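Position chain B against the provided structure of chain A, taking the given hints into account.
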Amino acid sequence: MRENCDFIKYETDDGKISERARKTYGVVIIGGGPAGLAAAVSAREAGIGSILVLERDRELGGILNQCIHNGFGLHTFKEELTGPEYAKKYIDRVKELGIEYRLNTMVVDISPRKVVTAMNRQEGLFELKAGAIILAMGCRERPRGALNIPGYRPAGIFSAGTAQRLVNMEGFLPGREVVILGSGDIGLIMARRMTLEGARVKVVAELMPYSGGLKRNIVQCLDDYGIPLKLSHTVVDIRGKERITGVTLAEVDGSGKPIPGTEENYDCDTLLLSVGLIPENELSCGLGVDLSPVTAGPRVNESLETNIEGVFACGNVLHVHDLVDFVSQEAEMAGRNAAEYILRGSEQMETGREVRLVPAAGVRYTVPETIRPDRMPEKLTVRFRSDSVYKNCYVSVYFNEERILHRKRPIVTPGEMENVVLGREQLFNYPDVETITLMVEEV
Amino acid sequence: MFDVLIIGGGVTGAAVARELSRYQASVCLLEKEGDVCCGTSKANSAIVHAGYDAKEGSLMAELNVKGNQRMESLAEELDIPFARNGSLVVCLEEEELPGLVELYHRGIANGVPGLRILDHGEALAMEPNLTEGVFAALYAPTAGIICPFQLTIALAENAVVNGVEFQFHTEVTEMIRIQEGYRVRTNRGDYTARCVVNAAGVYADKIHNMVSRKKLTIIARRGEYCLLDKKAGAHVSKTIFPLPGKYGKGILVAPTIHGNLILGPTAVDVEDKESTNTTRGGLEEVMGKAGLYVRELPLRQVITSFAGLRAHEEGHEFIIGEPGDAENFFDCAGIESPGLTSSPAIGEMVAEQIREKLHLCEKPDFMARRKGIHNLTELSLAERKTLIREKPEYGRIVCRCEMISEGEILDAIRRPLGAKSLDGVKRRTRAGAGRCQGGFCSPKVMELLARENGGDLMEVTKSGGDSRIVAGRNKDVL
Chain A
354 MRENCDFIKY ETDDGKISER ARKTYGVVII GGGPAGLAAA VSAREAGIGS ILVLERDREL
414 GGILNQCIHN GFGLHTFKEE LTGPEYAKKY IDRVKELGIE YRLNTMVVDI SPRKVVTAMN
474 RQEGLFELKA GAIILAMGCR ERPRGALNIP GYRPAGIFSA GTAQRLVNME GFLPGREVVI
534 LGSGDIGLIM ARRMTLEGAR VKVVAELMPY SGGLKRNIVQ CLDDYGIPLK LSHTVVDIRG
594 KERITGVTLA EVDGSGKPIP GTEENYDCDT LLLSVGLIPE NELSCGLGVD LSPVTAGPRV
654 NESLETNIEG VFACGNVLHV HDLVDFVSQE AEMAGRNAAE YILRGSEQME TGREVRLVPA
714 AGVRYTVPET IRPDRMPEKL TVRFRSDSVY KNCYVSVYFN EERILHRKRP IVTPGEMENV
774 VLGREQLFNY PDVETITLMV EEV
Chain B
5 MFDVLIIGGG VTGAAVAREL SRYQASVCLL EKEGDVCCGT SKANSAIVHA GYDAKEGSLM
65 AELNVKGNQR MESLAEELDI PFARNGSLVV CLEEEELPGL VELYHRGIAN GVPGLRILDH
125 GEALAMEPNL TEGVFAALYA PTAGIICPFQ LTIALAENAV VNGVEFQFHT EVTEMIRIQE
185 GYRVRTNRGD YTARCVVNAA GVYADKIHNM VSRKKLTIIA RRGEYCLLDK KAGAHVSKTI
245 FPLPGKYGKG ILVAPTIHGN LILGPTAVDV EDKESTNTTR GGLEEVMGKA GLYVRELPLR
305 QVITSFAGLR AHEEGHEFII GEPGDAENFF DCAGIESPGL TSSPAIGEMV AEQIREKLHL
365 CEKPDFMARR KGIHNLTELS LAERKTLIRE KPEYGRIVCR CEMISEGEIL DAIRRPLGAK
425 SLDGVKRRTR AGAGRCQGGF CSPKVMELLA RENGGDLMEV TKSGGDSRIV AGRNKDVL
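Residue numbers (this note's numbering), protein chains in the order written: chain A, 354 to 796; chain B, 5 to 482.
Same shape as in the complex, but just chain A (with noise of 0.2 Å):
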């Protein structure tokens, strides 16, 4: 393992200029779950030595380590894990690598001359420079004050991740009568686990007019346990003063305002909110990474890279994913791209034209935002979610004006990412595109 210093100047307590050596890494990963871990692999395997990967959390693994359900892997080892055996498969790699990592450490900052400072208990709080940085911090659920529900205070209402903590690593069991809000996947997941658990899920409630979450937990966690799915509905209100005793549910309208007359009470000790995940990009923001509006992570080109030169974005940080082998197959390109980024040095490649990838009809946003061809691989993945759901229509790609792809699709919905190829021959030969319209259109 390489571990390089750089020697830095400061100001002693008594006023003086010292010199202190600052370590110094390749490439810097901030978070420690798959898409760290995953950059971390593929950055060590395209050639650098020197890796360090910052977690927060006591293990690596992040979020997987409480995702005790099978179903992921499907893609990436063509078998069904757990979410603990799926992460294990990248940590045993990360360490039969030797690639180093700090455990409980957070990052407090990150400059845009690419110094990190962290602090844990160990070391205190350090500073380390690094060639390249893969954001990967993940993303956090949004809370119930977001969705401005009404009502009382009470303990006994948890974001669907908190639960998930509680019961599948510390062994606790929230509540034993659950009213669910939101039908995002850890939502359905938690309906499953919390029924195995002896607990009764009296019903998931969702505002939207279509679940946000994979059509196989809808099937496999909710109508394989009768429980029943109110889609269009919302909480009210809520009761209760030291625990939650109740929530009255209500139909919405179209602008997802409750229908008076509609409202149905519910007596419940637990309210578990699956009401969306939002990318965590506070370090971005002070880094000064510019940020897409409507996915909230950092905007990146083909090669994942955000308008800080050097700092490439992968995983939730970059867009909230559906599963984690896109997650994986996302990293493992943004650590390629750090490697190379590095490897290359300071002879800087003549970068030539930039195309605009642009959402239109159907399409909320693209990762990435913009493509350099002369920097794109072969195949360049364009993930994009949908705006509401679409029945047999068409994913259709434009160069400018000129349709090149029109994708039959059954269905095509805001809770399942959908993707499309782009060929980097495909590019060449239009040397004229300037944009690159992304849109779904019904048949």
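Everything labelled a hint here was simulated from the structure, so no lab data went into it. A quick note: this is a predicted structure, and the numbers were derived from the prediction, not measured. Note that the Cβ used here is the ideal one computed from N, Cα and C, for glycine as well. There's no promise every hint is true.
[To be verified] Below, computed lysine-lysine pairings styled on DSS-like, alpha-carbon distance capped at 25 Å:
id : chain 1 : residue 1 : chain 2 : residue 2
1  : B       : 59        : B       : 70
2  : B       : 277       : A       : 594
3  : A       : 555       : B       : 479
4  : A       : 467       : B       : 235
5  : B       : 479       : A       : 482
6  : A       : 594       : B       : 36
7  : B       : 395       : A       : 376
8  : B       : 277       : A       : 376
9  : A       : 732       : A       : 761
[Unchecked claim] To give an idea of the chain A side of the interface with chain B (calculated C-beta under 10 Å), a few residues:
id : residue
10 : 438
11 : 459
12 : 502
13 : 592
14 : 764
Below, chain B alone, put in the same frame as chain A:
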């Protein structure tokens, strides 16, 4: 027998306790909840008012201005943050200008320094996110912002250090006049005292009416609020009020001392004195009205909403001191806004009355200064390094949103009147008060609370009583 028994552990009770702890007297405070700052004090605008609202010559006006003046040195002594960010009362129509001028003159009469009326241009230059519709504004440079939890907790802690006893989960049910003073009956036995202070907030009428024939009525007036992410905290730098109306000072927009943005409150009288629930209509009113004078409010950044109850008395005046027909019984009733601002002055006033009455002497060893919980974000890098080297627990971040370490949480649990619940930790350290609202840190804080109390994680509560976080263990009923 105690010399003084204080009923109520809100900011008023805590301020009285702290002021009395200067004297050689045995003082005990009874609180029905499991912590201090659980009623009116916990859910309000967190504003230190300048003092132009209250009627000239009223006790409210006097104590407001005095409390405002005292706040700086008190915050310094108690090691809590306080900022004089200034306030603007804005009017949207020329016809409202006389109302603004009236406030200005009232402020002058009340002794509020530095008041100025600004025209549209001056107001917008000072606060660029005011709407174009703002016609004029009254600027009060002495208005400030403070954390009501920290103020109350710091006063209480300091009182404990100086010898005041605190009893929690103790609810007064009856009071009997005895020769030496009062016998106070509670759910946990009787207490006797020479003097009783009534600082019972929305229940001050109930306590007062136990001993006095001059009946009081306190109405719970609910106010709903929205709290926004710190990203929105700099949207305004001053506290922005509309012209006050019949039900109070109107819906304000203000930065909080911790850097969030707060909007609210509504004003609705409610029957149930525990009904701190928010309502759809209330939250809509808050967000709608705030937008009339502050533009482009980032309402998508709301992280939580809450409601508090003001202890409103019909005459809208502080009722402080002996009621006339109950000697040695001291009311602090009708303490609604500007109650938080006035609390240091109320504490001094009541303590002075009792000192005279009981001929109390000063304590030679009174400790006025309190050391607060470290605020890591306020330390320099070098200071943080030293702290973590000495106490590694300050190197482990538990609450990632507010960057609160295990060290701060342990301090909050272990210090006098330490935190016993998740809310207790949150109010002392801000762990769980950030943008994820405890989603990530609550299991970790629960673990620390359980470990420190030598107990079971099952017993950890959100806010005492029956507010347990978990109901059981996996599969325990299968």
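Going through the hints against the structure:
Among the hinted pairs, residue 59 of chain B with residue 70 of chain B is consistent with the structure: their alpha-carbon atoms are about 15 Å apart, no more than 25 Å. Note on residue 277 of chain B and residue 594 of chain A: the hinted pairing holds, with a Cα-Cα distance of about 12 Å set against a maximum of 25 Å. Proximity of residue 555 of chain A to residue 479 of chain B is assessed by CA-CA distance (about 18 Å); at most 25 Å being required, the pair is judged to hold. As the CA atoms of residue 467 of chain A and residue 235 of chain B are separated by approximately 23 Å, the hinted pair is consistent with the 25 Å bound.
For the proposed pair residue 479 of chain B and residue 482 of chain A, the alpha carbon gap of about 49 Å is over 25 Å, so the pair is violated. In summary, the hint linking residue 594 of chain A to residue 36 of chain B is supported, as the alpha carbons are separated by about 15 Å, within the 25 Å threshold. For the given pair, residue 395 of chain B sits about 24 Å from residue 376 of chain A by alpha-carbon distance, which is consistent with the 25 Å threshold. A C-alpha spacing of about 59 Å is found between residue 277 of chain B and residue 376 of chain A, which places the hinted pair above 25 Å, so the restraint is violated.
Proposed proximity of residue 732 of chain A and residue 761 of chain A is supported: the alpha carbons are some 21 Å apart, at most 25 Å. For residue 438 of chain A, the suggested interface contact is broken, since its CB lies about 20 Å from the closest CB of chain B, more than 10 Å. With 10 Å as the threshold, the beta carbon of residue 459 of chain A comes within range of chain B, its nearest partner Cβ sitting at about 4 Å, so the hint holds. Taking 10 Å as the C-beta contact cut-off toward chain B, the hint placing residue 502 of chain A at the interface holds, the least distance being around 8 Å.
Checking residue 592 of chain A against chain B by beta carbon gives a least distance of about 8 Å; that is within 10 Å, so the hint holds. The criterion of a C-beta within 10 Å of any C-beta in chain B is not met by residue 764 of chain A, whose closest approach is roughly 29 Å, and the hint is violated.
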